[in-house]
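Note that our numbering gives residue 65 to position 65 of the sequence shown, counting from 1, and the numbers run on in steps of one.
What the hints contain is simulated information worked out from the structure, not anything from laboratory work. Don't take every hint at face value.
Derived SDA-like pairs (lysine to any residue); straight-line CA-CA distance at most 25 Å [unchecked claim]:
no., residue 1, residue 2
1, K70, I163
2, K130, D177
3, K200, L159
4, K70, G169
5, K130, V69
6, K200, L160
7, K32, R51
8, K70, L122
9, K136, I41
10, K173, K151
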Amino acid sequence: MKEPWREHRVTDRRILRTRSMIMDAFLTVLQKKEYPEITVIDIAEQANINRSTFYAHYIDKDDLLHNMVKEKLDLLTEATSGRQKEAVEVAPAFHEPDAFFAALFEHLSDHETFYRVMLKRLNPSELHAKMQDIIKESFYIRISKLDLDQKLQVPLDILLDYISCSTQGIIVKWLEDNRIYSPHYMALQLTRLSLLGIYKAMGMKE
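All chains should be built: construct the whole structure from the sequences, respecting the hints.
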């Protein structure tokens, strides 16, 4: 006789596996068809499942999309916030990537297909905004813990907008270029740009 907890674990694994198949199928179809043209049948056929199986997990394709975005952004928040303490306590170094940038690019690399397809094939404005909010929040927490408000050289809102928008732009270009640089390399370069500032990075002297 199987123990109930074992059956529950098997069921959970099956649910997660099925949802993963559906999400992977959706990303595959999305690379071939525009989102408005995609049907549940398209996704089910790509995943090799029945429509009833799809509907057992999601209401419709919009519900699937919402859950995919939420899941990935929750993982991004978890990955970056998990390195927050290290980022605050360890001073940035020229030859080591900042803990936040390292976590960010490792996450993006692990979920590269999702971000590349979503940012390219769908209207990316909502995803862009949510990713920028995560970056902003991380640096806001960091600044708050450093207690450096009185030392800021530019207004806080402009500083956070600059950090989040520039980082997001680099992310999009990196994905469009098929990640020609490693996550570690990207994290290191953003760390160096942050340490040097634009003018010093250009080689300009004070």
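Okay, the hints, checked on the actual structure:
As the CA atoms of K70 and I163 are separated by approximately 23 Å, the hinted pair is consistent with the 25 Å bound. Of the pairs offered as hints, the one joining K130 and D177 holds, with about 22 Å between alpha carbons and a cut-off of 25 Å not exceeded. Pair hint K200 plus L159 holds up; C-alpha atoms about 18 Å apart against a cutoff of 25 Å. Straight-line distance between C-alpha atoms of K70 and G169 comes to about 21 Å, which keeps the hinted pair within the 25 Å bound.
Restraint check for K130 and V69: satisfied, since their Cα atoms lie roughly 10 Å apart, inside the 25 Å limit. Proximity of K200 to L160 is assessed by CA-CA distance (about 20 Å); at most 25 Å being required, the pair is judged to hold. Pair hint K32 plus R51 holds up; C-alpha atoms about 20 Å apart against a cutoff of 25 Å. Restraint check for K70 and L122: satisfied, since their Cα atoms lie roughly 15 Å apart, inside the 25 Å limit.
The suggested pairing of K136 with I41 is violated, with an alpha-carbon distance near 39 Å, which exceeds 25 Å. Proposed proximity of K173 and K151 is contradicted: the alpha carbons are some 32 Å apart, above 25 Å.
The structure is inconsistent with the numbered hints 9 and 10, although it conforms to all the rest.
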